[in-house]
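Chemist: Here are the chains, one letter per residue:
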Amino acid sequence: MKQSKNDIKLTKGDIDAIKEILSIGAANAATGLSEMTHSRVKINYPYIFNYYKLKEIPSLIGKPQDMMANIHMEIKGKIGKKIEPIGNFFLLFKLKEAIEFVNILRKQNIKELDDYGKDILKETANTIAGISFESISSFLEFKILESLPDISVDLLNSTIDPILSSIANEGDKTLVFISNFFVNDTKIKSHFSIVFHPRLYLLLIKKLRPEYKK
Amino acid sequence: MEKKFYISMGEFKVSKGDTILESLGVGSCVAVCLYDSKNKIGGMAHIMLPQASKNISSNNMSAEQILDEMIKGLHAKGCKNLDLTAKIIGGASMYEFLKNRVGVKNILAVKDKLMNEKIPTIAEDIFGNQGRNIWFNLNDGKVVVAKSFSGTIEI
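Chains D and B, in that order, are what the protein sequence lines are. With the working numbering, you'll find the first sequence wraps up at 214, consecutive numbering, no jumps. With the working numbering, you'll find the second sequence wraps up at 155, consecutive numbering, no jumps.
Watch out, some of these pointers could steer you wrong.
List of simulated lysine-lysine pairs, DSS-like, C-alpha gap at most 25 Å [unchecked claim]: (1) D:K76 to B:K105; (2) B:K105 to D:K173; (3) D:K118 to B:K99; (4) B:K13 to D:K63; (5) B:K38 to B:K4.
Label-pair distances were calculated between CB atoms; the ranges are [stated by the list, open to error]: (6) D:E35 to B:P120: 56 to 62 Å; (7) D:Q65 to B:K38: 29 to 35 Å; (8) D:K42 to B:G78: 55 to 61 Å; (9) D:K63 to B:N139: 24 to 30 Å; (10) D:L60 to B:D68: 27 to 33 Å.
Derived by calculation from the structure, the hints in this document are not laboratory data. Think of the CB as a built atom: it goes at the ideal place given N, C-alpha and C, for glycine as much as any other residue.
Next up, chain D with everything else stripped away, as it sits in the complex (with noise of 0.2 Å):
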């Protein structure tokens, strides 16, 4: 039988070695957001990173109806003349926490979030996204793009179902890495995610494996 380009899988070894990558990653990332909060931020271990449905993502995360301030970036690799689709971050914070993460950064003790609290959720995500993509970038050796930040405030499933049903159409399973913060000890959680494209497993492989070629 043909094996098509899709039939090759990540072993349990490329799964580990780019979780370690990543892990990297997220804890810059965490460092980066306990700078901005003047707040001791912790990593939760362990971090989640394999293959999942694309329907069962957001039960890693929480209830379908939970709700939730997401933070949405879409990520380009700039691979040679090329820039292709390799994921998408998003950081979720619970809306009550979100609201709470706002009100450390201003001093203030706002009761809802407001445009200004949304901004700020935004440059956070730009913020850490920018330090965690350093690692990802240098590990697969080509530059990350990262889009505007964009927000939506709304049920758990209904953040995250346009983002997933962009990539529905390469393959219904893909890789999924989250990691949670908790800001000032555990009364913020957030959860600090990677919904990789399907596509870019290929990439993985061919920088793991320098034997496979097209």
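For chain D, the structure is supplied; the task is to place chain B on it using the hints.
Modeler: Chain B in isolation, oriented as in the chain D frame:
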């Protein structure tokens, strides 16, 4: 006792009588509720993909494929297309900058398919920019839609 089934992304369920079919956190996806009021048989599909994928590694069902399967399931329970009516919910735009317009595409794909099947749409709550929780009661065909920021309606 009512049975309750949760329909997650890309799935559907057909059932009869004392049943609630539920989809939670529907954003740009579309929930399609088909109902035969004579026999109290209905089905809910949670559609995430407007067009069929050309990629062999994707088994995700498109709007057309999933509705085909659901209609087959309804036929197997003795319904005819003539007796079916549709309610469509969802298709929101959840992000300001996201250009894929998947919500709109999902709605258009669903409407195309329903037109081809000659199933009339008798109610809809579509588009907008908020998520929805949806409950479809097969006893009376009523659909309760709870929107994140503008209350609950019954269609």
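Chemist: Which hint numbers doesn't this structure obey?
Modeler: none
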